Amino acid sequence: MSTEAHSERVSRNMDGPDADAERNRAANAEAHKRSRLVRTLSTFLENRLAVVGVGIVGFFLLFCYVGPSVYHTDQIHIELSETTLAPSLAHPLGTNEVGYDQLGRLMVGGQSSLEVGIAAALLATAFGTLWGAVAGYAGGVIDAAMMRIVDALLAMPALFLLLFLSSIARPNSGLLILVISLISWLGPARLVRGQALTLRTRDYVRSVRLMGGGPMRAVLRHIAPNSIGTVVVNAPFQVADAILTVAALSFLGLGVPPPAANWGDMLSNGINYVYDGYWWLIYPPGLAIVLVVVAFNLIGDALRDSFDVRLRRR
Amino acid sequence: MTPVVSIEDLHTDIALRRGVAHPVSGVSFTVNKGETLGVVGESGCGKTMTVLSIMRLLPPGGHISRGHIRFSDTDLAALEEDGMRAVRGTRVGMIFQDPMTSLNPCMTIGDQVAETVLLHRKVTRAQARQRAEEVLELVGLPRARERLDSYPHLLSGGMRQRVVIAMALACEPELLIADEPTTALDVTIQKQILRLIDELRARLGMAVILVTHDLGVVAGHTDRVAVMYAGKIVETSSTRELFANPRHPYTEALFRALPENVERDRALYAIPGLPPDLSNPPPGCRFAPRCGYATPECRAEEPKLTGDRHPFACFHPLGKAGQTAANPPAQPPRAQQGAPLLEVRNLVREFPVNSNGVLRRRIGTVSAVSDVSFGVRAGETFGLVGESGCGKSTVGRLLVADDAPTSGSITFAGTQITGQPQRALRELRRDFQLMFQDPYASLDPRMRVRSILREPLAIQRRGSAAEQERAVATLLDEVGLPRAALEKYPHEFSGGQRQRIGLARALALRPKLIVADEPVSALDVSVQAQILNLMRALQREYDLTYVFISHDLSVVRYIATTIGVMYLGKLVEIGPAEQVHATPVHPYTRGLIDSIPLADPEREQRKGQAGVRGELPSAFNPPSGCRFRTRCRLATEICAEEAPAMRRFSEQGQQAACHHPLRAAL
Amino acid sequence: MTRFILRRLLQSLVVVLLVTVIVFILLHLLPGGPARAQLGPKATAMAIANFNHQQGYDRPLLVQYWRWLTELATGNLGFSVSLNQSVLSLIGERLPKTLVLTVLSTLFALVVAIPLGVVQAVRRNRAADYMITFWAFVFYATPPFFLGVVLIVVFSVYLPILPAEAPQSSSLRVILSQPAGLILPVLTLALLTIAQFSRYMRSSVIENLAEDYVRTARSKGAGESVVLVRHVLRNSLIPIATLLGLSLPAIFSGALITEAVFNFPGMGQLFWTAAQTQDYPIMLGITVLVGLATVIGSLLADLAYAVLDPRVRFA
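Residue numbers (numbering that gives the first Met the number 0), protein chains in the order written: chain A, 0 to 313; chain B, 0 to 665; chain C, 0 to 314.
Keep in mind that the hints were calculated from the coordinates and are not lab data.
Bear in mind that the values here come from a model prediction, so they are computed numbers and not experimental data.
Keep in mind that a hint or two might mislead.
Said to hold, decoys possible - Partial pick of chain C residues on the chain A-facing surface, computed with a CB cut under 10 Å:
id : residue
1  : T19
2  : T105
3  : F107
4  : F154
5  : A254
6  : W271
7  : Q275
8  : Y279
Claimed, not checked - Calculated Cβ distances over 12 Å to all of chain A for the following chain C residues:
id : residue
9  : Q10
10 : L26
11 : L61
12 : Y64
13 : A72
14 : V80
15 : A135
16 : T141
17 : P248
Ideal Cβ positions, reconstructed from N, Cα and C, are used throughout, including at glycine.
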């Protein structure tokens with residue numbers, strides 16, 4: 000999954016019209032009473048879907064990191080006497096084709112999926128933000144050159160590049176993080192650049208120069224803090240996309256080698272047994288991916304609503 | 000008199016995220032055939048919601064909770080949506096505030112006007128188009144037939160508003176609602192549009208509801224007025240009666256806040272406080288918390304709108320004498336003699352226009368500022384006026400070195416600013432500061448007021464942290480904000496309060512000169528008065544010099560000692576404020592003054608047709624010779640051939656550049 | 000308008016050149032470089048050195064790039080050793096099938112997503128909106144191969160009404176003559192796109208509904224259907240044109256996986272096989288081609304934008 004389609008999610012206020020002075024004024028008076036952080040938080044929590052999203056992510060974090068210390072399984076040594084057992088009391092989600100306990104594997108595999116997703120998203124966001132901020136603030140030829148590079152990379156389907164890159168070296172989690180962030184920094188770069196371009200002309204940024212301040216102050220004190228919202232809002236979408244990308248790579252045969260595992264590997268392995276009726280090898284990892292990705296998308300959506308400038312003014 | 004629409008006890012609610020706002024609470028009025036009712040009040044008083052209720056076009060969450068809107072024999076408040084649709088566009092037409100956004104950008108203007116006809120009349124497309132052409136001609140759109148197929152963005156604001164009017168009138172409605180129809184337009188165009196509405200009303204025999212915040216517009220273009228405050232009508236009568244004899248303290252306060260009525264050595268009357276929160280209005284009279292005459296009775300019990308010919312809702316109405324007390328005195332600015340603090344010589348700013356193509360050839364220039372010269376003495380207020388696009392804001396930016404001129408020089412306190420490298424300018428900047436127009440855009444939304452005010456001190460490394468802290472506290476006192484404001488963010492303040500913060504920031508470095516670019520044009524008249532008073536007081540205290548840029552000649556007349564009038568990049572007239580305002584020499588200045596609506600029905604009526612005709616030409620390829628000639632009634636051949644030079648017209652230094660001045664030169 | 004087109008053309012040209020530069024860099028990133036790419040993973044060091052000298056791969060990089068670029072320009076995308084066929088002819092064989100898949104699914108997605116988005120915007124924050132949003136999120140979050148497998152399980156295993164495999168043939172006519180086999184692949188690819196497009200359409204319509212000109216239209220007495228169809232729809236569709244251009248790479252990525260799941264003999268499957276056999280000329284050839292297609296796609300989208308939006312057309 001590439002990131003470009005997400006630009007819409009971040010750029011637009013989905014809450015619609017508010018040209019209405021009366022409404023503003025009444026709400027403004029109310030706004031006086033509460034600090035911004037509290038308001039941002041409460042707007043966020045008011046969004047029930049966001050709470051669901053946070054809940055799901057929290058559940059999976061507990062499941063993957065605390066789970067293994069409660070539910071002990073051997074995820075290193077294969078057990079050929081216990082392959083593809085159907086769910087039972089001993090193995091609540093059965094075992095896989097080489098005898099690993101599926102529930103335990105789901106926990107271990109989730110660690111890898113979440114770590115790769117989150118790390119790749121953070122790396123891509125950091126690099127993209129830097130790239131976009133520099134391009135946007137510099138403007139002119141530098142901006143044009145930097146953005147054409149982004150365009151060129153966007154023109155190549157992310158999966159094709161990933162497949163190519165990971166066919167050069169056998170992937171491990173570290174490489175996956177690097178390779179995925181290499182592709183997904185483009186979205187944040189475009190977003191932040193757009194933001195910087197508009198912020199540059201704002202009166203409060205202009206006023207820095209008129210007070211005798213330099214460009215460093217303008218970028219660090221004004222442009223960066225004001226674009227942070229965009230970046231934060233985009234980050235959950237990045238995590239979601241990275242998790243999907245890992246899964247896609249696994250399916251294409253470029254997952255991490257066993258005994259390491261992630262949900263994508265488990266799912267694509269399971270799919271080989273689709274006609275054998277081993278449903279417990281397919282649906283648990285598949286559902287885990289869907290749930291986590293939906294959760295991160297819900298969080299991103301809610302964050303956008305609570306960060307939105309137009310909403311904040313109310 | 001036959002009433003066209005009569006509203007009885009209208010209540011409109013809007014559901015908010017938390018709670019419910021009541022922008023209209025118990026409004027009643029009647030509009031008769033052929034008559035214009037003005038609904039006037041400050042922003043947030045519920046006037047727009049009242050007329051949107053009539054159209055039943057309330058924003059999401061809005062609904063009429065009580066009352067009737069009787070329109071001939073139907074009650075619009077109770078009509079179902081289908082029936083309402085048959086009323087909108089045919090029997091009631093509406094004009095909105097911003098012509099730039101109220102037209103569909105992807106539809107030709109011909110189609111948009113024809114749509115009204117097609118929706119309501121059984122006509123063919125060709126007939127509808129024919130009708131569209133007729134109506135566009137009726138509203139004075141030049142070359143209407145050719146323009147049927149053009150898109151809105153190719154038209155100026157004034158022309159677009161004519162198109163909107165054409166759409167509203169295409170089916171000859173019985174009632175026309177105009178919601179701030181000229182607020183987004185320049186004053187010369189405003190005059191043209193308001194006259195057009197007057198003419199059309201007479202011609203079509205419509206009833207008109209004119210919603211506006213501008214008492215001047217009400218004075219010149221309405222028969223009766225309803226003054227609204229906090230969702231209620233506080234006073235209503237015939238226009239003449241209301242202006243001659245206001246009874247409600249709020250109406251009176253509005254009049255006293257207008258700079259046009261106040262001598263320059265008096266302060267403006269500023270209504271204290273803010274309008275109430277409409278989701279939780281105060282008990283009793285809603286104006287009581289801000290009223291100078293309020294008694295405990297006012298706070299406990301709500302006065303009813305009573306009276307026969309001139310109803311008002313007040314327990315302590317003003318007497319026949321009108322104004323009860325004169326405005327408090329205020330010292331006008333005192334200019335020092337000697338060399339000017341600021342000296343502008345032959346300032347030129349041109350913006351190159353490049354072709355968009357591959358090679359980006361330069362295909363011409365926009366002449367934004369052309370050969371402008373003036374001087375400003377220490378302690379005076381230099382007012383720079385003109386319509387949008389005249390180059391006044393560009394001059395402002397050049398004065399504070401936010402932009403570099405194409406040629407010409409600016410000298411500040413003996414040092415030439417133009418041509419200085421940025422590094423050297425950094426030091427100089429502490430002596431001249433800019434105050435911005437938009438109080439929402441000029442403060443960083445993510446900074447507390449403390450950091451905002453400390454920023455200039457930190458940049459210029461002025462004093463220790465403790466000293467800066469003290470300086471910030473003093474600044475807050477000076478602009479009349481409580482200390483508690485330090486910990487708040489800009490969005491927690493009203494527009495007027497934000498403008499105070501902006502002024503405090505400009506003052507922080509104790510500059511000699513403040514260039515204020517339209518500092519009050521985004522504010523309501525009562526808040527505008529507060530800011531103007533504050534600016535005046537601070538000027539006295541700190542010997543400040545102001546360059547006050549504004550489109551509003553009344554404000555400039557009140558606050559400035561010297562006025563410069565700009566037209567399309569040129570300074571056309573300059574001189575002492577009273578002189579320029581009372582006895583202008585340049586036909587453009589005269590036209591501008593005549594275009595400003597005065598809050599006085601008698602004087603408004605006397606002005607009649609006067610004003611400026613036509614529209615502002617493009618600054619890309621401006622007219623040859625005198626740039627005003629295309630709109631000037633006195634223009635002759637010489638005006639096209641030769642650019643007029645500045646000549647002196649009075650001993651006090653009134654100068655103008657005109658071949659046919661209204662008075663002989665010295 | 001002409002100026003706008005010229006500038007966009009120039010920009011696109013720059014982007015295309017950059018795409019080739021990136022692919023060229025990728026080619027040289029390979030251990031063993033282009034020689035390894037041509038000769039395959041089993042080639043000896045000796046053979047590689049020979050090959051390099053013979054092909055001029057020991058010359059300066061800039062010279063090599065220029066040679067490679069001129070070859071590209073004449074349509075020489077390289078030679079696949081493992082399939083013993085030129086890359087161009089391989090792509091020529093497979094491309095039409097991928098186009099059938101992508102064009103059908105994108106058209107289907109548009110036909111479904113646009114009305115969905117409009118319904119969501121009109122019934123905003125009501126049950127219908129929440130339902131569609133829920134499914135859009137779910138489909139967006141489902142890895143396409145998982146989605147494909149679920150569809151196979153449902154439609155081929157439990158209710159065996161549709162084949163689980165796409166028609167196998169090198170001829171486009173045979174493939175088109177068995178439309179039932181195309182249903183699942185097209186559906187898989189489309190569901191994903193629908194999820195994205197309907198979200199986009201929803202916010203575009205919501206935004207336009209809040210515009211002043213909509214209120215003006217209502218004040219003329221226009222009913223909701225007139226407002227929607229005549230005013231809002233057209234203005235909301237304009238950004239969809241751009242989205243379509245930008246989505247091309249994502250659609251091709253989706254096709255890659257869908258083809259693998261349904262064993263559909265298109266360009267994506269070719270790429271996948273090439274990745275497994277480390278046949279780099281095929282992979283790079285396809286990447287260049289898709290890059291080019293994307294650039295042309297977004298150029299066309301921008302031109303469509305200009306034609307649809309008079310503010311651009313007459314600028």
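* Asked: Holds or violated: is there a CB of chain A closer than 10 Å to the CB of C:Y279?
  -> Where the cut-off is 10 Å and the nearest Cβ of chain A is about 8 Å from C:Y279, the hint holds.
* To do: Answer holds if the nearest beta-carbon of chain A is closer than 10 Å to that of C:F107; otherwise answer violated.
  => violated, 17 Å
* **Hint check: 10 Å Cβ-Cβ cutoff, C:F154 to chain A** => violated, 13 Å
* Least C-beta distance from C:Q10 to chain A larger than 12 Å -> violated, 7 Å
* Satisfaction of the C:T19 interface hint, Cβ to chain A closer than 10 Å -> holds, 9 Å
* Separation of C:T141 from chain A, once the least beta-carbon distance is taken, above 12 Å -> At about 5 Å from chain A, C:T141 fails to clear the 12 Å cut-off, so the statement is violated.
* Hint check: 10 Å Cβ-Cβ cutoff, C:W271 to chain A -> Holds, because the Cβ-Cβ distance from C:W271 to chain A comes to roughly 6 Å (cut-off 10 Å).
* C:L26 and chain A, when compared Cβ to Cβ, separated by more than 12 Å -> Non-interface label fails for C:L26: nearest chain A Cβ at 10 Å, not farther than 12 Å.
* To do: Go through the hint on C:A254 and say holds or violated, using the shortest Cβ distance to chain A against 10 Å.
  => holds, 9 Å
* **Separation of C:A135 from chain A, once the least beta-carbon distance is taken, above 12 Å** => It is violated; C:A135 is separated from chain A by about 10 Å at its closest Cβ, not greater than 12 Å.
* Separation of C:Y64 from chain A, once the least beta-carbon distance is taken, above 12 Å -> holds, 15 Å
* Asked: At a threshold of 10 Å, is the proposed contact between C:Q275 and chain A supported by beta-carbon distances?
  -> holds, 6 Å
The structure shown violates the earlier hints numbered 2, 3, 4, 9, 10, 15, 16, 17.
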